[in-house]
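**Student:** Residue-level listing of the chains:
4 protein chains.
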Amino acid sequence: MSHNSFGKLFKVTTWGESHGTAIGCVIDGCPPLISLTEKDIQKYLDLRKPGTSKFVTQRKEDDKVEILSGVFKGKTTGTPISLIIYNKDQRSKDYGDIKSKFRPGHADLTYFLKYGIRDYRGGGRSSARETASRVAAGAVARKVIRHIVKKDIKIRGAVTQVGALSINPRNFNWTSVGSNSFFCPDKKIVSVWEEYLGLIRKKGLSVGATIRVNASGLPAGIGEPIYGKLDTELAAAMMSINAVKGVEIGLGMEAASITGDENSDEIRAKGKKIIFSSNNAGGILGGISTSQDIDVSLSVKPTSSIIKPQKTINEKLKNTTISTKGRHDPCVGLRAVPIAEAMMALVLADQLMRNRAQCG
Amino acid sequence: MSHNSFGKLFKVTTWGESHGTAIGCVIDGCPPLISLTEKDIQKYLDLRKPGTSKFVTQRKEDDKVEILSGVFKGKTTGTPISLIIYNKDQRSKDYGDIKSKFRPGHADLTYFLKYGIRDYRGGGRSSARETASRVAAGAVARKVIRHIVKKDIKIRGAVTQVGALSINPRNFNWTSVGSNSFFCPDKKIVSVWEEYLGLIRKKGLSVGATIRVNASGLPAGIGEPIYGKLDTELAAAMMSINAVKGVEIGLGMEAASITGDENSDEIRAKGKKIIFSSNNAGGILGGISTSQDIDVSLSVKPTSSIIKPQKTINEKLKNTTISTKGRHDPCVGLRAVPIAEAMMALVLADQLMRNRAQCG
Amino acid sequence: MSHNSFGKLFKVTTWGESHGTAIGCVIDGCPPLISLTEKDIQKYLDLRKPGTSKFVTQRKEDDKVEILSGVFKGKTTGTPISLIIYNKDQRSKDYGDIKSKFRPGHADLTYFLKYGIRDYRGGGRSSARETASRVAAGAVARKVIRHIVKKDIKIRGAVTQVGALSINPRNFNWTSVGSNSFFCPDKKIVSVWEEYLGLIRKKGLSVGATIRVNASGLPAGIGEPIYGKLDTELAAAMMSINAVKGVEIGLGMEAASITGDENSDEIRAKGKKIIFSSNNAGGILGGISTSQDIDVSLSVKPTSSIIKPQKTINEKLKNTTISTKGRHDPCVGLRAVPIAEAMMALVLADQLMRNRAQCG
Amino acid sequence: MSHNSFGKLFKVTTWGESHGTAIGCVIDGCPPLISLTEKDIQKYLDLRKPGTSKFVTQRKEDDKVEILSGVFKGKTTGTPISLIIYNKDQRSKDYGDIKSKFRPGHADLTYFLKYGIRDYRGGGRSSARETASRVAAGAVARKVIRHIVKKDIKIRGAVTQVGALSINPRNFNWTSVGSNSFFCPDKKIVSVWEEYLGLIRKKGLSVGATIRVNASGLPAGIGEPIYGKLDTELAAAMMSINAVKGVEIGLGMEAASITGDENSDEIRAKGKKIIFSSNNAGGILGGISTSQDIDVSLSVKPTSSIIKPQKTINEKLKNTTISTKGRHDPCVGLRAVPIAEAMMALVLADQLMRNRAQCG
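Protein chains in written order, with this note's numbering: chain V, 2 to 361; chain U, 2 to 361; chain Z, 2 to 361; chain D, 2 to 361.
Quick caveat, the hints were computed from the structure, so don't treat them as lab data. Just so you know, nobody snuck in bad clues.
Pairs involving identical chains hold if they fit within one copy or between any two copies, as the list cannot separate such chains.
Simulated pairs of lysine to any residue, SDA-like, Cα-Cα distance not exceeding 20 Å:
(1) Lys-144 x Arg-357
(2) Lys-65 x Thr-22
(3) Lys-100 x Gly-75
(4) Lys-76 x Phe-113
Start from the sequences, fold in the hints, and give me the full structure.
**Tutor:** Following this line, the structure appears as structure tokens:
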């Protein structure tokens, strides 16, 4: 029931504010006897790290994770795993405009309206900084998935659109994703994006993005209908990421436009193996995995903190304008890839454990 | 934790199969002293009822709801409300092809792969019949919302696209929705849809649809970050509806394409009232309501049961083809409107209670 | 989170009032492919049935259970199992004193203080009638236990004390329990209790009882520390039964009085088998089963509805007296045995599923 | 669902092992705008601190708590409160016998049987060290209770029995509790206990204890039937404390022995105030508070780590004996008082929030 937790059996509770002492999470329910070290987690955090390109926040975080509990002699013990990341670059000195004014499109305002108190330090709890805990927990989830399925489930993400500039789906290639700082699967569009984002930044603006996340190798039968469907929980997982405004499974919104025969993935058997003519369903029927790739897309809105002045109000409800200077991303969507992957891993680990409980 | 339950404090657990004895739900956590009769619930069930136009299943269900508990002398008592709807038109005689074959795009297959057993009677638990319980529970949720907010929150849905045919957003008018059998807000397109769906039906095909759901009047501050965000739970709620493949909040997928200044809803104060220049956020920032309209869109894929023959397998994994005759919808999306409204009501009632618990 | 639910993975939600239309429950999470019929459930309900001796309420209930969903062709399908028991003997005519006055020691008063509304019909939701749903769900739980452990776990209860009259522990014999209407394991005391209860009844009084519940054959390793301990959940399970005021695991309260060496169950290994010199721990250490018998005791307070007049107030807060005539038990504890057994079964089924989820 | 969490709306998740880096907890759901400092928490931790008398473990812990999140400028923000206590005195060098052998009566064995791995450092997760997190969280819960009820609810505990030596109930005086190192409410028995425990210690033995916890000032109407009853959750709360084997509400086990007229607390009204002739119910009827004192008793078994040699086995299932030297308590029950108080506070805070959600 706690709203800072995610998952039912593999349960992650995150805590911490952007510019507080530290952030972290507690993972409850992890199976025992899984090998786990800080290095296993750190490598995913490093992928998410701000400051890896000139198009993401220049905040120099090390995001150094420590395991405080739940692991003994390199193995999980079945007890809660507490992870902590100290905030080093807290720059508490000057918050400028954002100390008393609200940024349009930012959660500053609604946290204040809900709780009646404002932690103005860099977005407080609503900051994307919280997602470092997700990435850390996601690294553990990947290990759990492997532990249960007994093979690697590849979980991969890519940026498929930056602002108005979409990749060419025919050029989509997972191996390209790692070779550029945009997680872009279409190597032909990389330089165009680079130029475009340079322009956006120069103008003090920001732009949205579309992310695609994919899991390959998941067995059939995973997902709990009616309200714990695999797609239901993936939708929640993705929508819980800051700035996400849309989630699609398989064909997504496009499924509305076509006919039943165009949409259906026809079924064939090859011996004991079931194969499909296509994967419009994104690997999920009735909330349960089919054994095809799980395919999810999400849209990330443009960063709300921009330099271009915007009309807003302050805490005293006086009209004013705001211009957010400082270290913000022209395209926050670029940083969402490792987070979306982590959320996918969290959902799958949890669902695999739940399936094991009910179906043995 | 139960996967047939929805909500945390206003919790609904649904049960029942399409062609079993009955379906129903238990609502736990409803506040006491709310007036409630079967009539209050029946009127929403009647809107959902199959057989109201020639474009929806001709199954003649009365969907007559009975309140079995939790209400005394016309008022809720704070104890669980049990609702039951007996299945009258069970036509158990002949399931034809669907008894042993799997329909492409249907949950038949995945339920069988997960549970190792097949209730072939009209889709069993995966049938859209389960959604009658949601609509019934949603009627109670609406009363709870009013009880807490002390005014009516208008929750309304409309079909905005049928197959490739989208409404003209400029013609959007909520008052048109009730005057046609398509829940269509653009009265100019009604006859076009009618002709189009007639054609689809004649061809033995089906087609998808897009639904928009809106809540008007919700106060600011509702929604629980980080994993219990209002949009997170709306996304889950909508994605849990059969055949839904995409969910959008506010601008949704389109938010990816635009710039920060185009996307942000600028803020002004008029006395103590906060107003916004636009509502691209769909009424939600950081997972918390802003006081603007809550705006959600969803895509519904085309009905998977079609007459046109499709390649598939049977329970023995033999290749075959299937043609689903009988009483199925050319556009199942048309029936999703009252369901999506109900899910919106369930989310809001639950979040309002949770807000009351934490913030008083 | 719903307070009318019990269990986490094998989750039971009960509903219904004493003199409403029906009572029932929904079981969510039951594994598929378990054979289940109404008969399997009915036999446990029959044990609980009021009216089986002259010392329990003379209400003539058939307590006829119907399975409404979740079972197809005699097997569970993995979907929610809805059970219903219609209330036949509702005698709605005359509630006499209890319509407007509160019985001292009864939940009438506190329900009214909490919810501001009073369902005066036979105790409403607070009536022991709700426990029929527990017994029904417990019957399903027993099947789940067997399904997971692959052998029978014997779950048995007995009355070990009636009022001041305790059994002689040396005469304790499980086989005696079934041969008398007191669930008494000491056949020598049966006639004494009979006479004693006859006297209590003649005086218009009531008396308490102590129950012991035991599970034999549970493997080691079941139970989830820290807050989901096996004993923690057994304590909650038993304390949730009407009129229970104390719960003990193993030595229980007596453990306070002795020394560490007297209390500890020494450990030996015989090949791969671990054996213990005694079972003061009641089969649980650190909240996890040891493989010894699970042993729980509980006290049930005397029935609060008695004929002897008592000082009380009415709904208008006026002082008055009450004398409860009608069909009430001189010792409600006698009826608690099948309920306590059912609660034990619910806890074990749930914990076994949870153990399977985490530990494989 | 996580088994290291307690509470539903005021939810505490604890983590950490006895001799790991640190222990701590995350509190999710705390209302905003409550003043909170480390000092507020530290004062309760200091009461629990080992080493305050010669009869409790001589481990020199400072148990210095740090607030890592959820508080800004001295006030709670509504976001998760993360508390950490670093383990300073870890003495990792020598675990002696307990490294490879199991202590009879200790959770060492069952954790090993469940998880297949053994963290032999001072009991690992099963150590009473975890309870420091409960005491810390309990301090926050007390603030929440005051915040909601708008007055102080006195929550107090006392030791009422040490081994066979019970206090004289007629001498019970809350003010005596603070003036001795035994939390003893009967000042006449203090010196007897002192001598007795000295003897027990000299013999290398240990002894059990009985604790009573009391809450005064709680309004009527708190508690959620059927499975979220106030007494149900208090029973679970107390039974989750290490070494507790029995829990009683009001008269507890004794309720079995008496008649209905002896047991019932008669009711009178004085104006709008409801008063009772006695409090045998321990302030709870039907799981809901009556406005009388909440009264709970619990038994704590003798410490299982004793010097007197006992038969046991080692990890390889070989028979052997064990004698636990080192820094252990002759009566671990003495340390349970602040923990039992904390658990009472956690239950009340949570139930008050839940009552507010449903009943306004």
